[in-house]
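Chains A and B are the protein sequences, given in the same order. Going by this note's numbering, the first sequence opens with residue 20, and the numbers climb by one from there. Going by this note's numbering, the second sequence opens with residue 187, and the numbers climb by one from there.
Honestly, the hints are just simulated from the structure, not real lab data. One thing to keep in mind: the hints can contain errors.
In silico BS3-like pairs for lysine-lysine, Cα to Cα no more than 27 angstroms straight-line [as the list claims (entries may be wrong)]:
1) B:K201 with A:K301
2) B:K333 with B:K390
3) A:K191 with A:K214
4) B:K255 with A:K159
5) A:K159 with B:K378
6) A:K357 with B:K255
7) A:K84 with A:K247
8) A:K55 with A:K41
9) A:K357 with A:K41
10) B:K390 with B:K378
11) A:K302 with A:K247
12) A:K84 with A:K191
Note that the coordinates shown come from a computational prediction; the quantities given were computed from them, not determined experimentally.
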Amino acid sequence: MTRQLINCDRCLMNSTAPNFVKHSDGSCNFCSDFIKRFDNLQRHEKSNLASQPNNLFEWIRSQRKPDTVYDCVIGVSGGVDSSWVLHLAVQYGLRPLAVHLDNTWNSGLATHNVRSLIDSLRVDLQTYVLDYSSFDAALKCFIYSGVLDLELLTDHLLISINYLYARRYNIKYILSGDNLVTEGVHMPQGWNWFKYDFPNINSILRAGGFSGSQNLPLLNYWSLFNYKVLQRITWMSPLNTVPYSKSEAIQYLVEFYNYIPYPYKHYESLLTRFYQGYILPKKGFVDKRRVHLSTLVLTNQMSRSQALDLLSQSPYPDPVEEYTDLHFFLDKLHISIKEFDSYLSTPFISHENFSSILPLWRVLRFFRLFILSIRNLF
Amino acid sequence: MTYRIIPIILLDGIKAVVTHQFTSPTYVGDPRTLAKIYSDQGADEIFVLQINPSFNISDNLNFLASISKFTQCCVAYGGNLSTIRDVSSIISAGFEKVIFRRLFFNNPSLVRQVSLIYGSQAVTICLDIVHLLDEVRFGVFDQYSEKYLTLDQIYELQYCDYFSELLLNSTLADGSFNVDSWASSFIHEFSKPIIYAGGISSPKQINHLFSRGYDAVGLGAEFAFSAHNTSAVMPSLTHIYNKI
């Protein structure tokens with residue numbers, strides 16, 4: 020018997036998300052939560068406007084110290100959000116150092132976009148190229164462990180190298196493309212994992228017999244403490260402080276930087292494209308497009324019917340590309356079709372089966388929020 | 187006019203590297219991904235050159251096959267080819283051409299034999315350009331051998347029927363961002379296509395080389411190191427084509 024799916028009437032979320040709750044007015048917990056946070060952000064921004072500067076870019080420029088070469092680190096992937104941050108940073112007169120993590124799964128589109136942007140804006144770029152044998156072996160540990168978030172390792176390393184270069188060049192601010200307008204709806208519980216969870220990564224790698232940790236710039240908690248507390252390096256999301264329309268940004272990037280857009284969010288990486296477009300829907304019936312498109316609908320950047328139409332299409336718009344990506348993935352990781360089929364036929368295993376900092380992190384976060392709210396009272 | 191721009195992937199064993207004057211290799215990624223990137227960006231052909239003398243072709247055939255497997259263009263291989271068996275393994279691994287350098291001097295009969303079996307279009311000869319005082323020499327100059335041809339001997343090469351094109355590789359310019367300043371009417375007059383490689387770092391230099399009479403240029407370090415990109419491979423063929 021197939022389970023009856025319950026759909027939200029306002030966004031695109033449905034009961035495939037584990038913690039989905041539909042309210043009596045037809046909306047769901049995902050969109051209500053997003054709208055509350057989005058309204059808060061806008062109110063906060065309006066109150067901040069009175070006390071200028073207008074946005075984070077201007078504020079960072081006002082903090083510039085003499086004898087510095089760069090004002091901020093900007094992680095670039097070739098995607099729209101990070102490209103737009105880089106463009107805005109230069110427009111606002113900042114001197115950014117662009118940083119790119121090459122996990123050796125870049126697509127031709129990603130490298131084209133990064134290269135065009137870097138050359139046109141005349142910005143310095145530092146690329147950290149991961150040792151591909153080590154990264155691929157680590158990725159295989161994640162696959163064989165059966166956990167859902169195969170992107171955890173890349174995302175974790177991405178955070179790590181941003182801090183690494185900020186420290187190396189004595190830069191105090193890291194600007195990321197994170198934003199509420201295009202990715203504000205929270206990922207449902209279990210659709211991804213906490214990216215700072217060093218013990219979880221370590222435990223998965225150990226269980227898989229991985230021995231190349233020294234070749235990967237993992238971010239342990241001492242390093243994180245050093246970066247955040249001792250070095251006072253701050254991670255910022257400037258797109259939340261300026262008006263941001265994804266479609267207008269794409270249009271501008273295409274016109275002025277020969278930017279080539281891709282069909283869905285994060286499809287600039289061959290690994291992410293295959294993971295989101297093939298593994299997640301086939302193994303876990305998870306379609307992350309549902310979350311990304313919901314955000315665009317709720318911020319009026321796309322109509323609901325347009326989004327539903329996109330969602331009804333295959334996550335892989337081109338079947339030839341799907342076929343090539345599948346075989347490239349298997350070939351690069353030395354996995355046989357039979358092994359992969361058996362992997363797809365079993366359900367995901369929770370990250371909670373491995374060591375994790377998350378319970379402790381939640382307690383610490385609760386105390387931090389508690390102290391902040393007490394402080395606000397006085 | 188269609189410009190032939192050929193991405194060159196240097197291999198140090200199973201890792202892609204870039205070099206400075208063919209020494210001090212710097213790791214830049216997975217050659218399989220790089221080949222796929224170049225192919226997806228519309229490259230018509232890719233050169234894969236092995237610089238590690240201890241690399242064993244027969245032990246790494248699957249790896250080499252996966253470099254060419256995900257490309258939709260002609261992929262040529264050069265380096266450590268010493269027998270007909272090596273060549274046939276490379277061709278069966280999906281490469282359409284082989285590039286001979288040292289073997290051209292050490293065992294020319296084998297080069298001829300390859301041409302007889304697979305056709306001359308499957309054979310490219312690679313010569314280093316070296317400047318010795320006021321003289322320019324072409325040949326093989328490394329720690330293992332030093333053999334060269336004079337310019338007159340090079341002229342004669344165009345009448346050989348066992349190879350289809352000549353790759354001139356400036357060891358001096360490799361990884362330096364400056365192209366070899368050597369120029370000669372010979373480049374225009376040579377009847378076979380000549381490809382230049384070494385030190386190219388800007389679309390302006392590519393235009394300059396084409397105007398000198400080269401039929402194609404090979405780009406390696408340009409994708410890796412340019413004035414604003416000091417660390418790793420970040421190729422965009424479209425970007426280069428747009429600028430030349």
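Going through the hints against the structure:
1. B:K201 with A:K301: Between K201 of chain B and K301 of chain A the Cα gap is close to 33 angstroms, so the pair fails against 27 angstroms, i.e. violated.
2. B:K333 with B:K390: 33 angstroms, violated
3. A:K191 with A:K214: 21 angstroms, holds
4. B:K255 with A:K159: Holds, because 21 angstroms separates the two Cα atoms, which is no more than 27 angstroms.
5. A:K159 with B:K378: 48 angstroms, violated
6. A:K357 with B:K255: 20 angstroms, holds
7. A:K84 with A:K247: OK: K84 of chain A and K247 of chain A at ~19 angstroms, within 27 angstroms.
8. A:K55 with A:K41: Holds, at about 16 angstroms.
9. A:K357 with A:K41: 40 angstroms, violated
10. B:K390 with B:K378: Since the Cα atoms of K390 of chain B and K378 of chain B sit roughly 24 angstroms apart, the hinted pair holds (cutoff 27 angstroms).
11. A:K302 with A:K247: Status violated; Cα separation ~37 angstroms.
12. A:K84 with A:K191: 11 angstroms, holds
When each numbered hint is compared with the structure, violations occur for hints 1, 2, 5, 9, 11.
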